[in-house]
Each structure stands twice: as C-alpha cells, then as structure tokens.
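Number of protein chains: 2
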Amino acid sequence: MYDLIIIGTGPGGYEALLNALRLKLNVAVVEKSKLGGNCLNRACIPTKYYRAGSHTIEKLDKLEKYGIQLEVKGISFKEAKKHKDEAIAFFRKSLSQLLKSKKTPVYRGIGKIIDKNKVEIIKEDGTKEIIEGKYILIATGSVPTSVGGIIPDGEYILTTENFIEDLEELPEQLAVIGGGVAGCELGYIASVYGSKVTVIEIKDRLLPISSISTEVSKNLMRKFKKAGIDIRLNVYVKEYSVENGKVKLILSDGNEIVVDKVLLSVGRKPNTENIDEIGIEKDERGFIKVNDYLQTNFENIYACGDVVNSPMLAHVAAYEARVAVGNIFGKEKRKRDYSIVPWAIFTAFEIAHVGLTEEEAKEKGIETVSGYYPYTYNEKAVDELEPEGFVRLVFEKNSKQIIGASIVGIEASEIIHIMAYAIKNKMTAQEVHDFIYFHPSLSEIFIYATYDIVVGKLF
Amino acid sequence: MYDLIIIGTGPGGYEALLNALRLKLNVAVVEKSKLGGNCLNRACIPTKYYRAGSHTIEKLDKLEKYGIQLEVKGISFKEAKKHKDEAIAFFRKSLSQLLKSKKTPVYRGIGKIIDKNKVEIIKEDGTKEIIEGKYILIATGSVPTSVGGIIPDGEYILTTENFIEDLEELPEQLAVIGGGVAGCELGYIASVYGSKVTVIEIKDRLLPISSISTEVSKNLMRKFKKAGIDIRLNVYVKEYSVENGKVKLILSDGNEIVVDKVLLSVGRKPNTENIDEIGIEKDERGFIKVNDYLQTNFENIYACGDVVNSPMLAHVAAYEARVAVGNIFGKEKRKRDYSIVPWAIFTAFEIAHVGLTEEEAKEKGIETVSGYYPYTYNEKAVDELEPEGFVRLVFEKNSKQIIGASIVGIEASEIIHIMAYAIKNKMTAQEVHDFIYFHPSLSEIFIYATYDIVVGKLF
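Chains as they are written, first to last, in the working numbering: chain R, 28 to 486; chain S, 28 to 486.
These are computed hints drawn from the structure, not numbers from a lab.
As the structure is a prediction and not an experimental result, all values here were calculated from the model.
Warning: the hint list may mix true and false statements.
It does not matter which identical chain is used: a pair holds within one copy or between any two.
[Said to hold, decoys possible] Below, in silico cross-link-like pairs of lysine-lysine (DSS-like), each with a Cα-Cα straight-line distance of 27 Å or less:
(1) K143 x K100
(2) K105 x K245
(3) K275 x K484
(4) K273 x K129
(5) K484 x K130
(6) K109 x K316
(7) K424 x K360
(8) K51 x K360
(9) K424 x K358
(10) K484 x K362
(11) K161 x K484
(12) K252 x K358
(13) K92 x K61
(14) K86 x K100
(15) K100 x K89
(16) K127 x K427
(17) K155 x K109
(18) K92 x K150
(19) K362 x K155
(20) K253 x K427
(21) K105 x K89
(22) K100 x K129
(23) K252 x K427
(24) K484 x K145
(25) K89 x K120
(26) K109 x K86
(27) K92 x K250
(28) K145 x K92
(29) K453 x K427
(30) K427 x K105
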C-alpha cells in the first residue's frame, strides 16, 4: 500500500510529488496523458514560449537602436512550434528522470477511485489495474468548456489545447471566441505570427474580469487595434457552419465572419466526471467539495488545483498541493488562504495584478487613494526600448496601507511580487516609498507611484 | 533667498529637486555640466543601454528557436551610441522641461559655498554670481580615480566617463584596468560589440567585492573566458607607454600587452575639492562628514550621494536626497539607514545581491543555512531562452530568518527586491516558501530555493 497516490501530474500533482519525495514517502502517480499535465503541455508553459517569441518578433524593428542591422528572412510558426515542443519535452524528461531515479511508479491511464483506499487505473488498451494507498490526492485539473452549441472538432473549431499542443501552421484568418485571458493571449500570438485575427467577446471589453480594471482593458484594446486585430464586443456567435474549408460565423448583431479556423476559448471546467464510484461530494459545477484543509468528504482523500473551487491558476494548484501534502504528512495543519494571489496575463502587454482594484475596493465599501506612474519615464524601460506601461497602486485611504497593485508593461509578472509582499506585510505607502530600490530598475517605479501620496503632488 | 540650493543634478540632486518641488519650495539648482549628472550622462543609464544592446546581440543566434529567420548585416557600436545619446537626451529634456515649467532657476557653473547661506557660481566664461539660500544641499557626486601613475588622456587611456559619453567607435583591442563593477560591465559590452578585450585585475578574481560571493565570481569568469575575454588576475600595470598609436602595458608579472586603447576603471572619489571656503568638514578621503541626518558641520548645509561616505550607488544617493529634504522640510526627522540596499551588476550575467553572503555572515559569526536553485529548471527562464543562472538564499541557522540573497540570471536586478522585502520584514524560509508566486515566473524560484530547508532534501 502506497503512502500517497497522486492522480494527475500537472502543477498540482507535480508539486505534491516533490513534497512527497522530500518527505521520503512511498508515492505513486497516475497520469492518463503526458507527464506535466495541461500547464506544461498545453497551457501556461507553451503559451509563454510562443509569447516570448511573439514579443521578440515585435521588437525586431527596434533593434537598429542597438546598432544591430538585420534582415528578417521569415517568421515561421511551424519552426517556433518545433522548438516549443523541444522546450516542453525537456521538462517532461526531467520529470520522467526524477520519477525513475526515485523509483516512483507511474500508472498510465485514467485513475478512478473505487474505494476510499483504492484507485483503479483504466489503461488505454482497456485493461485495468487496482492500486492501494493510505491517502489519495485528486489533481486531475480541468478541461475546456464550450458555449452555444459550438463543438470543437480539432480542425476548424479548435480548443486552446488544440491550438497550443497540435497546431503546426497558423490559419490565414482566425476568429477567437472569447476575449478572456486565453483568448487575448493566443489571439495576440496568432496575430504577431501572421494571422488576421478577430476577437469576439460577449461583454463590453477585453479581459472582462473583476480584477482587471477598465483602465487596463482600455490600454489593451488600443494596442490590439493598432496591431490590426478586429475586436467585436457585446456580441456572441448565434450560428456557425463549416463550408468549403471555411468557417462561417453569424454573430448576434447580424454580422457574418468567414475565417479559416476558430479558436474557442470560453473557459474551463473541472475534470471530475467519472473520477470516483464512492460518492466524493462535488458542487453543481463539478468542483470537488473540500474543507479548509483541502480534505474531501473522505478523510484520507484530498483534492487540489482546478478540481477545487479556487482560482483556476497553475500556481494556486501548486500551492494547494503543498498545503494538502503538508496537512496529511507534515508537522502542523494549515488552512488554505487565497488572500494574496498574484497573477499575470501575457498578451499585447504583460499585465499583472494582486489584491484589489479601485473598483473592487469601492464595491467592498473601502475608501481608497491610488498612485500611478508610467513606464515612459523609467530609465530601465527606456534602455530596454520598452517604454509602454504603467503601475497603479491602491491604498486604503486612512491607513495608507497597500491593498492592491496592477502593473502593465515588461516584467510586470515579476515585480508584482514585490507589491504582493508589501500587501502580505501590511506595508504603507510611506514604507513602499522609503524602500531603497536598485537604480536603474523597473521596481523603482514604486517610489514614483507613491510620491503624490507620501510627499505631495508635482503638478 | 531660496529655500534650498541644490548643487548638482545627478540622482541625488534630481531627487532632492523632485521633493522640493512637491513641497512647493522655492528652490534653485546649480549644475556645472549636463543636467542629470554622471548617472544619466556617463554611468548607470547609458551603461544599461549598451548592456541591453549587447545582451540582445548575444541572443540573436537563438532567435531561430522562435521561428525567426534572420540575417545579421552588421553590428555598429557607432549606431548604438547615436541612439543611446537620444535616449539620454530624452531624460535630460524631461528634466529641463520640468525645471522650466516650475520656473526653477538653473545656475550653470561650478558651485562653491562661500558663506553658510551663499553659493558662488563660477561660470564657464569665468564670470561669477552669488546666490543665497536658507539651506544648501551638496550633491556633486564623484569623479574617476587613477592608480599607479596612469593618466587618462581621453584618447588612448580612457576613463569610464570617456568610454560611455564620448567614444564613437570601439578599438580593435581594449585593455581594461580593473575587474570591478565598471570594468566587468564595460569590458563585456566592448567584447560583445566586437573588441578583443583583456581585463587586468590586481586581486584574485573578477568582482573582488565582499558582497560578491566567490561562487558568483567563478561563474562570471567561466562566461568571460567563453566569450574570448582574456583575464589577467593577481597583476597590475607596472609601466605603460603610448607608441605609434598603440598602448603598451607592462604587467607586474613581466608580461606585455599591446592594445589600441585602455579603459581605466579603478574606482571613484568624491567630487569635493574646492567645494567650499567655509570649512565644511571632510574625512581623509575627501568624503563630507555628515551626521545620521545627513547634516554637515553647518546646520543648514546637507550632503548626499557620492560625496558622503556611504555605498557609492545612484539609488543610495536618491534615497539620501529623500531623507535629507525630508529632514530639512518634512514633518519628522529620520536617520539614514543602509541596512537593506539591493544592488546589481550588468555584465555577462545580470547579478544582483542584497544583505549578507554566506562568507560575510561567517565573518560576523552568524551561523547560516542556505538554499540554492538553478534557472535551468525554471520554465520561464527556458521559455525566454535564458536558462543560465541561479539563486542563493542565506538564512540564519536557528531562526531560519532570511539575511541575504544573491541572484545571477535574467531579471536578477528586479526579483532581488522581493528578497529585499523579505529581509526587511524579517521573513523566514517557511514564509518565503509558503508565498504564492505566479507561474510561470522567475520569482517562483524562491519556492524551490527554500524546499530543502523547509520540507527536506530531494536527493
């Protein structure tokens, strides 16, 4: 009997494995597809690879400013895909080698919990095997959803996973249904690599998420338009058909769009169908119900990541895995805590956020003051030829304690953690301002974004 | 009579100006050369511009991995210099516009304090003007030093300032005297832009600074050698001569080197000669003596930046300026505090540091444990095609409180601030580990660099 059986090797399962191995546990993993799960194979990591490529492509025109004389001979998504696959394979191989060196068994197939201590592995060839564990961690992640009867076929109608994992060549014309995170990320990549892109969004702005301020959305829409991306807001796809190798979309405003392929990116749902036969409790949307310790209604069965109703983010899954394994085998139990979850989006801009926006604070009845500073006047940003972006810091009005930060611009996804630490440590505008930041760095923008509040306005 | 006269417009003077303007003071500035001082015109900002260029050049070969097919037609330092000058001019112009819009007088010339409330401006044409101020801030910065009788002539023997501000074309062969920060930064830039570079260092390693661990120096030397840079350690220049347009250096080990130009980068000294006629106290090295509030022996005269005996860093100068102006005109006085000063070096690697190294802690009798993690296994670093680097975190052994961090690799100079905040807030390895970092980010390396300490070793 294993100490722990982990079902799924995505960011949750992988992190749980790392913890179990470090605790010298007798652990087994179950994986129905590629090691590393969605995040590694068909979401975060390959997306950021393509994004790094597209960001580089965008910058080529500016390189003469560094005295670099270039001739661009071609831009090949196919080549990028090949090398993306190599980068991903490196991480799969690392994981595979770790498992081998630790003699950790990997059961290939779908894991189904058939008893509180038993997982049945349903292999691709239909054969079955049952393994036993004292504890089980469900980390099976999520799958793309659909809307309005649009059915992905992997050829004309692609899921984000089809796009990221399988697509060898970009279509000439791509329609993206859904202007959320994945739609804005992949749509922009496709645009830079050469597709003519149309984004269709049912709400009134791109990234219509509460923690994305309208200020950020507006900046992004301006940049998308500049890149030649056609944005259709406040509409949805009423009907669609595939004819003569083209997809025709009829929108709710009556307009028609004809494209080569459609990317459907309207969200994800927990991958919890057929996960068990023992009555693990789920909510109406399929999320596994867990208590504060990530324990299901079976005391030896835990769950983490996208199967649990918490922010659907890889780093939240990994965090939950650390908490869950700690709660099972560690010295002390602790409750999961999502009060500070920094996150980022990589589209035409790098966008990062933590805590509350001014709008969210207002809804909660918190009075705020905010500080702003543009990248334009930051010497590092100018040296890097990347002067687009800004920082917005949000403080509680009386205490001047920091409660939120939004950053648009290069390295937003890194420097956001400085403000996340500030929130964690309940720092005030004065403390953020007084800190010594390296010069020249992007991070020193935090000094300038707090000047108005701490010292006084310049104009 | 002005409220405040600021002598010098470098990072100290500029920051003091910003504070004074925000406090609605009647302020005047004195500048003998270009607005923005050394940092903007001939040190930090242009160096990081060239470094951004050289880093980009180094990466060109890898861009096929993003599907980018290029032909490099040429690399021109001269072109880079032209655009570098434009970038710098943008900031000078911003400062100039700010001064104009605030109607702040700029007195062009050397400022000499001739009475505790009077500054005499000695203009380039020899004429003089006297202005009066309630308070005076000395922020005249530093100038390059020399060693062993080597005299910079601006043609064959260059100071770092000659190199950064004036040099239009790189020499074929360049010898750099001094393997410290400026030598390693500029030497590497010259090498990438096409010079054959030799670095001559009197000590036994590059970057022979206490807060640079030998681990970091070793990594750097390996990379320098790979780039074809000739490193001569444990030697100094015994004699030199200029003959037939070449410089011949005779080293202390008997070897001879013949090059086209020499860059002398052996340090800087405070620019405090002839600064006053009233007996402002200085130490034996020329640093102005100030108390904890940055006040000189005259109660209305303050000093900040390189003229004061504190870390010779632009961001320390700016910090001191904020403290000094706050102490003169603000609500409460505070003491200058250098306990947490992050800093970074941009050479073959980006290198950043804050707090204590293991070696420094040992010297202070502090027992430590440390955590390490390489960039190689960080997904973001791989996506960015930048998998070289590592993080070393240092903790006090019993409390596991973080006391230092060294980072080598991309964005080291940004993510170092996260660890600087951790030190500031006396966070433990457990707290650094438990934090939720965005995935994929470089910042999440901090989770992995603390695993051994917090959970247990993997191998």
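Intra/inter-copy verdict for K143 and K100 if alpha-carbon distance must be at most 27 Å: Neither: 60 Å inside a copy, 66 Å across copies.
Identical-chain pair category, K92 with K150, by Cα at 27 Å: Neither: 56 Å inside a copy, 36 Å across copies.
Copy assignment of K89 with K120, given that the CA separation must stay at most 27 Å: Only across copies: K89 and K120 sit 22 Å apart there, 37 Å inside one copy, limit 27 Å.
Identical-chain pair category, K155 with K109, by Cα at 27 Å: Cα proximity of K155 and K109: none, with 35 Å in one copy and 69 Å across.
Status of K89 relative to K105 across identical chains (alpha carbons, at most 27 Å): both (24 Å within a copy, 16 Å between copies)
Same-copy or cross-copy closeness of K109 to K86 [CA-CA at most 27 Å]: Answer is both: 22 Å inside a copy and 19 Å across each meet the 27 Å cutoff.
Within, between, both or neither, where K100 and K129 count as close if Cα-Cα is 27 Å or less: Classified as neither; 47 Å inside a copy, 50 Å across copies.
Within, between, both or neither: K92, K61 at alpha-carbon 27 Å: Between copies only: 23 Å across chains, 43 Å inside a chain, cut-off 27 Å.
Alpha-carbon proximity between K51 and K360, which holds within one copy, between copies, both or neither at 27 Å: Classified as within: same-chain Cα gap 19 Å, cross-chain 54 Å, threshold 27 Å.
Identical-chain pair category, K424 with K358, by Cα at 27 Å: between (40 Å within a copy, 19 Å between copies)
Same-copy or cross-copy closeness of K252 to K427 [CA-CA at most 27 Å]: neither (37 Å within a copy, 51 Å between copies)
Identical-chain pair category, K145 with K92, by Cα at 27 Å: neither (63 Å within a copy, 45 Å between copies)
Consistency with the previously given hints fails for numbers 1, 2, 3, 4, 6, 12, 16, 17, 18, 19, 20, 22, 23, 24, 28 and 30, ordered from lowest to highest.
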